[in-house]
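Required output: the full structure, derived from the provided sequences and hints.
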Amino acid sequence: MKVFIVFLGILLVSVSAIVFQGDLGAYGQEQLLLKEAAEECAAGASLFLQEEAYSRGTVVFDYEQADGYIKSYLAYIKRNSKALSQGRAFYTAVFEDDEMGYSPDNTDKIPAVTVQIHVDTADLFRVPFIEVMSLERRARYELPEGK
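Residue numbers (full-length UniProt numbering): 1 to 147.
Errors might be hidden in some of the hints.
To be verified - DMTMM-like, lysine to aspartate or glutamate: derived pairs with alpha carbons at most 20 Å apart: (1) Lys109 / Glu99; (2) Lys71 / Glu36; (3) Lys78 / Asp67; (4) Lys109 / Glu142; (5) Lys71 / Glu136.
Everything labelled a hint here was simulated from the structure, so no lab data went into it.
Printed below as a string of structure tokens:
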């Protein structure tokens, strides 16, 4: 009987470890996908410039087009992500340009877009002692051209 109880204990710990390892791999994939999404959204949003302002020598982003791009990209990437497709995604986009101004840390006045994606989802881990209910990634893209 003692051997049977020890066997059940080892089996339970082994199964829990395997489940945790699988969930941790899925969590890593979700984080990687969100990182890629934040980088793509920031880089894509920075491509939309107001042409008239650019012709005058100032860099001003087209905020509506950039916002539309971010929304459409997040809708597109939902098919690859369990957390995005089953959870609720929120994002914030911060533009630093000649119209919105620059942050105090941006002393060189380099136009930039920062996108932060936050996803509220169901628990990503099946083991009872770990609970991850949200994911968050942030990316910043600075335009390579300076003034």
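Hint check results:
Distance hint between lysine 109 and glutamate 99 is fulfilled; the C-alpha atoms sit about 12 Å from each other, no more than 20 Å. Of the pairs offered as hints, the one joining lysine 71 and glutamate 36 holds, with about 15 Å between alpha carbons and a cut-off of 20 Å not exceeded. Under the criterion of a C-alpha separation no larger than 20 Å, the hint pairing lysine 78 with aspartate 67 is consistent with the structure, at around 17 Å. Of the pairs offered as hints, the one joining lysine 109 and glutamate 142 holds, with about 10 Å between alpha carbons and a cut-off of 20 Å not exceeded.
The hinted pair formed by lysine 71 and glutamate 136 meets the criterion: a straight-line CA distance of about 16 Å does not exceed 20 Å.
Checked against the numbered hints above, the structure violates none of them.
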